[in-house]
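S.K.: Each chain, written out:
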Amino acid sequence: MDLIQSITDFAVQEPAIFALIIGVVGAAVIAAVVNVGAMLVIWGERKVLSDFCNRFGPNRVGGRWGILQLGADAIKLFTKEDIIPGDADKGVYVWAPIVASIATMLVAAAIPFGALHIGGKDVPLVVANMDISAFYVEAALSLMAIAVFMAGYSSNNKYSVLGAFRGIARMIAYEVPMGVCVISVAVMAHSLNLVEIVQSQTLWYAFAQPLGFAIFVIALITDLGRIPFDQSEAEEEIISGYNTEYSGIRWGLLYFQEYNNALLGSILLSLLFLGGWQGPIIPIPILDIVSPLIWLFMKVVIVLWCLIWVRASLFRLRIDQVTDLGWKWMLPLSILNLGWAVLVGSYFA
Amino acid sequence: MAGEPMAVDYYIPLIIFLIMGAIVPIAALAAIKIIAPNKRSRQKLSTYEGGLKPIRDAKIQYSVQYYLFAIVFVIFDVEVLFLYPWIYVYANKAMQQFMVFGMNYAVFEMLLFIVVLLVGLIYAIKKEALRWV
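From first to last, the protein sequence lines stand for chains X and A. With the working numbering applied, the first sequence closes on residue 349, and no number is skipped along the way. With the working numbering applied, the second sequence closes on residue 1133, and no number is skipped along the way.
Just so you know, these hints were derived from the structure itself, not from any lab. Among the clues, some could well be false.
[As the list claims (entries may be wrong)] Mimicking DSS-like on lysine-lysine, the simulated pairs with C-alpha atoms at most 27 Å apart in a straight line are:
#	chain 1	residue 1	chain 2	residue 2
1	A	Lys-1033	X	Lys-76
2	X	Lys-80	A	Lys-1126
3	A	Lys-1033	X	Lys-90
4	A	Lys-1044	X	Lys-80
5	A	Lys-1033	A	Lys-1044
6	X	Lys-80	X	Lys-47
7	X	Lys-328	A	Lys-1053
8	X	Lys-76	A	Lys-1126
9	A	Lys-1127	X	Lys-328
10	X	Lys-76	A	Lys-1093
11	X	Lys-47	X	Lys-76
12	X	Lys-80	A	Lys-1053
13	X	Lys-90	A	Lys-1053
14	A	Lys-1059	X	Lys-90
15	X	Lys-80	A	Lys-1033
16	X	Lys-90	A	Lys-1044
17	A	Lys-1044	A	Lys-1059
18	A	Lys-1039	X	Lys-90
Construct the complete structure from the given sequences, taking the supplied hints into account.
M.R.: And the structure:
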């Protein structure tokens, strides 16, 4: 307890230095956690998808479960020849994976990765606990679209350019409904701070505003660019879409950021709509401290599993169907949900 | 700098995260300069187009219909941007005593704003500005 007290004292006395230390430590820890998490997501997706398809999936490297498959893939990607196509716009081409990586790290900075239950209180594990973190995270999530467009347009390949244009059209069609859903949640929580949004959920917002939940899930899948909304890399139509010309580790970085985003997106979904780390405290020593973490982890795993389930079950929509759905259905419905949130929220408050 | 934590202090970690996000891929790209083999040829550097030589530049001029999406998006994105500060007005206890037509003043104002925008959306849909071609 003394340690925590002295840390809080220091945080009050020297806020700028404290923020700097938290930033450096947090960046190192979260970069490791998110990247390892994304590797596990990739492995888990391959494993779960193969279960859905009634086949084995990775089962050679690293024992029966193929757990070291990604290590082997990484070694392969690192030792492949580095090719930048002659016609490509070299500067933008090189920077696209870097921008993608920056985008995911910026999302990770403001997302609470859970909480620790210390002394009867939940201490949230978040680096930048801003007043507007829900707004910030939603804005940073859509930065990925810029990286996708940079990659597609700079490749100077017809398939890539088509994929890039589709990616932007898809993103802007769902950006507005997603933002309105975040606002609906904030209206009920009376705050845009993700920590306060979680703490205000005595009733999960998935139940308080089911329509908003449905719209947010669809908009999130669109933002992550997964089936049924992966028109920007539809392999049957446009080879590999925006990353056709990428190979080796440059492709690996882009691919990896997609899964980083999938992980962060499912954490965001759990925080906004599924009660975050809230749940009964497990009455066992040590486990009671990490029990909020366990609850959040379970929710995130279930959300990710459902994302893979959707990918295994559904087909890809046509791009005109996607934009139609976004503009003509999701946008009016999300505003309807905002009205619902204002009406119902005034009874909760 | 001692005293109360300022709002700016929350944004210092973001800069560090931005740098960290750039360092990881740059380190990876530096590593392949050393590890990866380098046997260049003109065939390898050519753009992929189903095995044939690429015909003309890929940076095509897209249909003007496409940019209408972007224009409509800008309008509605600004709407969303106005909704974010509106939450704090709505949540403000002092604002809740003002009533118009039996509803909260903040809610009433936003209702007007959204109705105007929805009329715009219907107009855009009827004019087929949001039709993919």
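S.K.: Each of the hints needs a verdict: does it hold here or not?
M.R.: Here is how each hint holds up against the structure:
| no. | hint | verdict |
| --- | --- | --- |
| 1 | A/Lys-1033 to X/Lys-76 | holds (15 Å) |
| 2 | X/Lys-80 to A/Lys-1126 | violated (52 Å) |
| 3 | A/Lys-1033 to X/Lys-90 | holds (16 Å) |
| 4 | A/Lys-1044 to X/Lys-80 | holds (13 Å) |
| 5 | A/Lys-1033 to A/Lys-1044 | holds (17 Å) |
| 6 | X/Lys-80 to X/Lys-47 | holds (25 Å) |
| 7 | X/Lys-328 to A/Lys-1053 | violated (41 Å) |
| 8 | X/Lys-76 to A/Lys-1126 | violated (53 Å) |
| 9 | A/Lys-1127 to X/Lys-328 | holds (13 Å) |
| 10 | X/Lys-76 to A/Lys-1093 | violated (59 Å) |
| 11 | X/Lys-47 to X/Lys-76 | holds (20 Å) |
| 12 | X/Lys-80 to A/Lys-1053 | holds (24 Å) |
| 13 | X/Lys-90 to A/Lys-1053 | holds (20 Å) |
| 14 | A/Lys-1059 to X/Lys-90 | holds (15 Å) |
| 15 | X/Lys-80 to A/Lys-1033 | holds (11 Å) |
| 16 | X/Lys-90 to A/Lys-1044 | holds (16 Å) |
| 17 | A/Lys-1044 to A/Lys-1059 | holds (21 Å) |
| 18 | A/Lys-1039 to X/Lys-90 | holds (19 Å) |
Comparing the model with each earlier hint shows violations of hints 2, 7, 8, 10; every other hint is respected.
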